[in-house]
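As they're listed, the protein sequences go chains A, B and C.
Numbering follows the UniProt record's numbering, in which position 209 of the first sequence is assigned residue number 209; successive positions increment by one, without gaps.
Numbering follows the UniProt record's numbering, in which position 66 of the second sequence is assigned residue number 66; successive positions increment by one, without gaps.
Numbering follows the UniProt record's numbering, in which position 216 of the third sequence is assigned residue number 216; successive positions increment by one, without gaps.
Take the hints with a grain of salt, since some may be wrong.
What the hints assert, rightly or not - Using 20 Å as the maximum straight-line C-alpha spacing, the simulated PhoX-like pairs for lysine-lysine come out as follows:
| # | chain 1 | residue 1 | chain 2 | residue 2 |
| --- | --- | --- | --- | --- |
| 1 | B | Lys-315 | B | Lys-7 |
| 2 | A | Lys-61 | A | Lys-73 |
| 3 | A | Lys-73 | A | Lys-145 |
| 4 | C | Lys-295 | A | Lys-73 |
| 5 | B | Lys-7 | A | Lys-145 |
| 6 | A | Lys-4 | A | Lys-61 |
| 7 | C | Lys-297 | A | Lys-73 |
Think of the hints as simulated: they come from the structure by calculation, not from any bench.
Quick caveat, the model's predicted, so the values are computed rather than measured.
Each chain is listed here by its residues.
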Amino acid sequence: MNDKIMEVKGLNKAFGAVTATNDLSFGIDRGHVHALIGPNGAGKTTLVNQLTGDIFPDSGKIIYNSQDITRLKDYRRAHLGIARSFQITHIFENLTVGENMALSICAHSGHNFHFWRHSLRSGIVKEKLEGALGRVDLAHRRHLKASHLSHGEKRQLEVGMALTGDPELLILDEPMAGMGPGGTIELSKLIEKLKGTLTILLVEHDMDVVFSLADMVTVLVYGEAILTAPVDQVRKNRRVQQAYLGDGW
Amino acid sequence: MTSTLRKNSIVASGGLLLVILPILVSWSGHDYYISLFSRILIYGLAAVSLDLLLGFSGMISLGHAAYVGIGAYVVAIFFHHASEMEPLFTWPFVLEGSENGLLVLPLAVLISALFALVIGSLCLRTRGMHFIMITLAFAQMLYYFFVSLEKYGGDDGLSLYSRSSIPGMDLGNDIHFYYLCLGSLLVFIFVARRLVYSRFGLIVRGCSNNERRIRALGINSYSYRLALFVIAGAGAGLAGGLLANQTEYVSPGLMHWTLSGELMVMVLLGGLGTLFGPVLGAAVFLLVEENLAMYTEHWMVYMGPFLVLVVIFAKRGLFGLVAGGENGNE
Amino acid sequence: MLLVIEQFLNGLQLGITLFLMSAGLTLVFGIMQVINLAHGSFYMIGAYVGATVAAASGSFLLGVAAALPAAALCGMVVEFVVLRRLYEREHLDQVLATFGLIMFFNELTRIIWGRQPLFMEVPLWLGGSVELLPGLVYPVYRLAVIGVGLAVAVSLWALFAKTRLGMQIRAGGVNRKMVGALGVNIKLLYTLVFGLGTLLAGLAGVMAGPILAVESGMGESILILTFVVIVIGGIGSIRGAVAGAVLVGLVDTLGRAFLPAVFRMLFDSSTADSVASSLASMAIYILMAAVLVVKPKGLFPAHS
Ligand SMILES: Nc1ncnc2c1ncn2[C@@H]1O[C@H](COP(=O)(O)OP(=O)(O)O)[C@@H](O)[C@H]1O
Ligand SMILES: [Mg+2]
Chain A
1 MNDKIMEVKG LNKAFGAVTA TNDLSFGIDR GHVHALIGPN GAGKTTLVNQ
51 LTGDIFPDSG KIIYNSQDIT RLKDYRRAHL GIARSFQITH IFENLTVGEN
101 MALSICAHSG HNFHFWRHSL RSGIVKEKLE GALGRVDLAH RRHLKASHLS
151 HGEKRQLEVG MALTGDPELL ILDEPMAGMG PGGTIELSKL IEKLKGTLTI
201 LLVEHDMDVV FSLADMVTVL VYGEAILTAP VDQVRKNRRV QQAYLGDGW
Chain B
1 MTSTLRKNSI VASGGLLLVI LPILVSWSGH DYYISLFSRI LIYGLAAVSL
51 DLLLGFSGMI SLGHAAYVGI GAYVVAIFFH HASEMEPLFT WPFVLEGSEN
101 GLLVLPLAVL ISALFALVIG SLCLRTRGMH FIMITLAFAQ MLYYFFVSLE
151 KYGGDDGLSL YSRSSIPGMD LGNDIHFYYL CLGSLLVFIF VARRLVYSRF
201 GLIVRGCSNN ERRIRALGIN SYSYRLALFV IAGAGAGLAG GLLANQTEYV
251 SPGLMHWTLS GELMVMVLLG GLGTLFGPVL GAAVFLLVEE NLAMYTEHWM
301 VYMGPFLVLV VIFAKRGLFG LVAGGENGNE
Chain C
1 MLLVIEQFLN GLQLGITLFL MSAGLTLVFG IMQVINLAHG SFYMIGAYVG
51 ATVAAASGSF LLGVAAALPA AALCGMVVEF VVLRRLYERE HLDQVLATFG
101 LIMFFNELTR IIWGRQPLFM EVPLWLGGSV ELLPGLVYPV YRLAVIGVGL
151 AVAVSLWALF AKTRLGMQIR AGGVNRKMVG ALGVNIKLLY TLVFGLGTLL
201 AGLAGVMAGP ILAVESGMGE SILILTFVVI VIGGIGSIRG AVAGAVLVGL
251 VDTLGRAFLP AVFRMLFDSS TADSVASSLA SMAIYILMAA VLVVKPKGLF
301 PAHS
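Start from the sequences, fold in the hints, and give me the full structure.
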């Protein structure tokens, strides 16, 4: 198999007059933590949304495991092993933490036309729930309604949910945004632990986090990928520093 | 978890009250209340089925009365053919009319479900305001269809000369009929409760909450939402079948959208996203209607603004107020 | 053939009424994102006020002149007192609250005007018929309705395409916060748009007065047709409202007029009549279903 898990070729997306993705090409190596950085409004979220199938590009190609998925629906991509977290937390606020996690477990376990047995007592959930909650340190919160979690815990939960399906590619859109330093460290540790077991595309603002975790970095400015390089080179690259790090970051 | 305890005891005492109600009523001699409470149970059943859509899965159907009407017409049409001794149709096979409750009530459920399947599969292609308007429009289509159906009385509807028959019960007896309604309601609530907490229920509750997340997890919610729409339609059909028996009369008015609106009001009054709340809502709505109507024929002029106030200020409904805790997730 | 033209004009006239209703409603849906079931109530208010004033004064024009501000004023008061609190709320809340408003207005008209329908006379100067083509006589009043409707459609287009206010309204639909930041009083703007919508509903109501019976609850049957129009045309789009209204008006009228004849050619007469009348009453809903299958967002979805 190809050593690139995902490749993007000549991607374009415009919202009216705004070009959010501009002839963008880059690849993600299997097993890497690949960071996507760029100033606010650079088009990072828009790119992520195209990779996950939330929106479709105007033109260009998205290749995943040598398969063209450009027009594949979002829920089908999830079945191919692409999981994501959203920049704005997307959890099920009305459900308990346990139910949130159970739901994501069920999502990856065949159909869900099981009408009778309590979801938390179904075999697959019983088998996996404990581990899934434990992985993001939320076991003690399982009976709490998700809306009552702290911001950091919601983020943990969201990442935990994305992980339940054992994805091959995990896309995290600014998972640490708005978190206190404690939460950032927790999540960094988690990503560190996951490193090597799956591929991660990490959209992140905090350069310290990027430099400590990432193998490769793609820099996005005005929807264009101005650079894709190993993390060490990026640290030294003047263009990046001008375009991005120079702006007081 | 004291709020759970409180809720359970309220539900238990409410249930007990409903079970012994016929005894209380026959003591007091107001026999009329038996049939009023049968109606409350029937509307409660329809409201619970609607709440599966509104409260648990965020599908705002404004045409739920259509399925009540279908269920009612199934019972009435079979009855009509039985009393005329004329088969419903002779091709491709001969279908005779029937007064047997064990046949026509399940048929009412089944055929309502079938209509919900067809209509739902179209409506669920859309979201938000579109969905609201389309469910309403299809319900109104059925309304006009039955208005133009001269064979079954058109605008005037159909009279039944007696209630359906069920072996071992005398449905003509109001107390027997009351217990049939109560039994149906409790069974439906029990089934709905299992449903809501099952894996299936987890998915549809998730859809109401965050459709985008559901999709990102790899679930195409269409078929789940459609299945729930069908189940809700089936519940409404059962309510309709009972209602036809209760009033011994059906008319297109049963499908009119004002009835859909009233069912919604019952759900809201009782408590959105609860399984017992809608029954409470139906009781309050019908009792208020009954009592206000005694003082003024213009009771709706008070009910309307009251409703607006409830929406704006008391979203949690009566069940929420008495039982405490939070809605939406029991 | 003449019959076809006549029915075509009838369909157009229904379409015009539907357009006046749906133009206002689609703006409210599209711009404020609020679903308003009570729109039919303003149609009813227009009809009642118009009929009452026309009967008292003997002047149809005075009736119209009273109906429009009455509907607009009621609309703005309702917006100010109730709807404004619901913009940020879920659709379900909006549905329930406006359902409450319908109950209120229907009962209120019964209290004021009683249960008997009112009838409104066609004014003398619009009475009678003209011969449009040799053999085709058509009521002047209905032609006038069509004319007024077309004039309103053109003015609405001019309002939105050419004026500052129209631009603000369209921008308000796109981005509420941005328009607010530009110093436009968005609350006032919404109240005005709502008033404009209900004014159009009132106009539709008073013009329908001489054609239909003026009675409590008259707003709901037209409301549901209006929903069908908006679903077909696409929410928030005036162009869609025009197309949907004309389509629904024509399909409904022509279906009722000609389906029985068509069916009588195909089947024996008793089945034909009952099947045809059922089908005719369902024709527009079938049309709606067909549009939905092909274009779930309507024929002319507004850009979101
Ligand atoms: N749905 C949309 N409609 C219109 N413009 C959008 C939309 N989504 C994003 N944009 C625009 O596209 C650009 C890129 O946005 P985004 O992808 O969110 O950037 P980032 O995530 O890098 O901060 C911005 O200018 C933003 O305003
Ligand atoms: Mg972003």
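Against the structure, the hints come out as follows:
1. The straight-line distance between the Cα atoms of Lys-315(B) and Lys-7(B) is roughly 18 Å, inside the 20 Å bound, and the hint therefore holds.
2. Under the criterion of a C-alpha separation no larger than 20 Å, the hint pairing Lys-61(A) with Lys-73(A) is consistent with the structure, at around 14 Å.
3. Note on Lys-73(A) and Lys-145(A): the hinted pairing is violated, with a Cα-Cα distance of about 30 Å set against a maximum of 20 Å.
4. In summary, the hint linking Lys-295(C) to Lys-73(A) is supported, as the alpha carbons are separated by about 18 Å, within the 20 Å threshold.
5. Straight-line distance between C-alpha atoms of Lys-7(B) and Lys-145(A) comes to about 18 Å, which keeps the hinted pair within the 20 Å bound.
6. At roughly 14 Å between alpha-carbon atoms, Lys-4(A) and Lys-61(A) fall within 20 Å of each other, so this suggested pair holds.
7. Note on Lys-297(C) and Lys-73(A): the hinted pairing holds, with a Cα-Cα distance of about 19 Å set against a maximum of 20 Å.
Hint 3 from the earlier list is the only one contradicted by this structure; the remaining hints agree with it.
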